[in-house]
Amino acid sequence: MGGISLEKVSEHYTDLLRELGNIGAGNAMTALSQMLQCKVDMKVPQVKLLEFSEVGELMGGEEQIMVGVYLGVEGDISGSMMFLVEQASAKHLINKIMMGMAPEGEEFTEMELSAMKEIGNIITGAYLNSLSTLTNLKIFPTPPELTVDMAGAILSVPAIQFGIIGDNILLIQSQFYDEVKIDGYFILIPELESYAKILSSLGMPVM
Amino acid sequence: MSEIIKVGMADLKTCVSPNGVTTLGLGSCVGIALRDPVTKIGGMAHIMLPDSTMIRNSQQNIAKFADTGIEELVNQMERLGAKRSRLEAKIAGGATMFKFSSSSDTVMVGERNVEATKKKLSQLRIPILAEDTGANYGRTVTYFPETGEFFIRAVGRAEKVI
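In order, the protein sequences belong to chains P and V. Using the numbering used here, the letters of the first sequence map in sequence onto residues -19 to 187. Using the numbering used here, the letters of the second sequence map in sequence onto residues 8 to 169.
Check each hint, because a few of them may be wrong.
Listed below are the simulated DSS-like cross-link pairs for lysine-lysine, each with C-alpha atoms no more than 30 Å apart in a straight line [said to hold, decoys possible]:
| # | chain 1 | residue 1 | chain 2 | residue 2 |
| --- | --- | --- | --- | --- |
| 1 | P | Lys118 | P | Lys161 |
| 2 | P | Lys118 | V | Lys106 |
| 3 | P | Lys97 | V | Lys20 |
| 4 | P | Lys76 | P | Lys19 |
| 5 | V | Lys90 | P | Lys28 |
| 6 | P | Lys71 | V | Lys167 |
| 7 | P | Lys71 | V | Lys106 |
| 8 | V | Lys106 | V | Lys47 |
| 9 | P | Lys177 | V | Lys106 |
| 10 | V | Lys20 | P | Lys28 |
| 11 | P | Lys28 | V | Lys13 |
| 12 | V | Lys106 | P | Lys76 |
Calculated directly from the structure, the hints in this document are not laboratory data.
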């Protein structure tokens, strides 16, 4: 287990990670669909190992305004998780959940932010729940925090956590749709030791 | 025409006037802008972590850390003809993007990045002429070694120059 690194994890287990992302995001979408009372589709998630300099470009540039919901992960594994959604998509989601009562305009009101936090809470909860069922590991989310800011600034938080262990960031990207395309991204950031736990709980040999 | 050179996350770049350097969407990272006001040679480092010596495997990108990143930027500027004794600095970033009740190391990393940056600059005897650090929002910064002007943009705020 001493030799485990993100590079090795992503090299040997891309399919497995994609499948985890698929199941997690699939459950998150089901939760979202129930909440919105409409059909939500998703694309096959992509697993990406990126250098820090590439991260900003991934989501429409470092200055793209995004809503980020961030929470800690505790229990048998530790780490954190982030759900990011582009500003207009967030507006769309909030408006739907508020039955079209959300005020117009670019800015988010307190009530909208709190609705968005709840959406983030429910879908990340569903994501982690399915992961927990699959691996038989106890996984608990901490209460979420939310911010609206530039993608680069929001992503600096998970990037720094990856920076402690290496020069790359590993993320699982999911895109989903209802009538409109919603650009949403999940970033699961287990600590390196937790990767080993997740892999071995799934019966994978760990390097 | 002048060109503005982009510095990525965990990256550093030098420039010569009239060119400038920019880094987009600084969050908890810190952007360190340096210039030699005589030769007008400048540069910027975008660091993510305070201290290279606290990391287990030190195989890594030196631009990532405050201590090694600033050192490397100064070295590269010297190679272009800047004089270390004349260098001056402006810094920005080090925000706390999410406020958690727990105050673990990773949560406070913005503040620690700013502290480590100041410590390294003071070791190198490079004065900090201005700073815009801390708070809870991201910043885009652009620096011109011609004038030493450091432009800071943030979402929902007026642009400022320090």
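How the hints compare with the structure:
no.	hint	result
1	P:Lys118 to P:Lys161	violated (33 Å)
2	P:Lys118 to V:Lys106	holds (25 Å)
3	P:Lys97 to V:Lys20	violated (38 Å)
4	P:Lys76 to P:Lys19	holds (13 Å)
5	V:Lys90 to P:Lys28	violated (42 Å)
6	P:Lys71 to V:Lys167	holds (29 Å)
7	P:Lys71 to V:Lys106	holds (23 Å)
8	V:Lys106 to V:Lys47	violated (39 Å)
9	P:Lys177 to V:Lys106	holds (29 Å)
10	V:Lys20 to P:Lys28	holds (26 Å)
11	P:Lys28 to V:Lys13	holds (23 Å)
12	V:Lys106 to P:Lys76	holds (28 Å)
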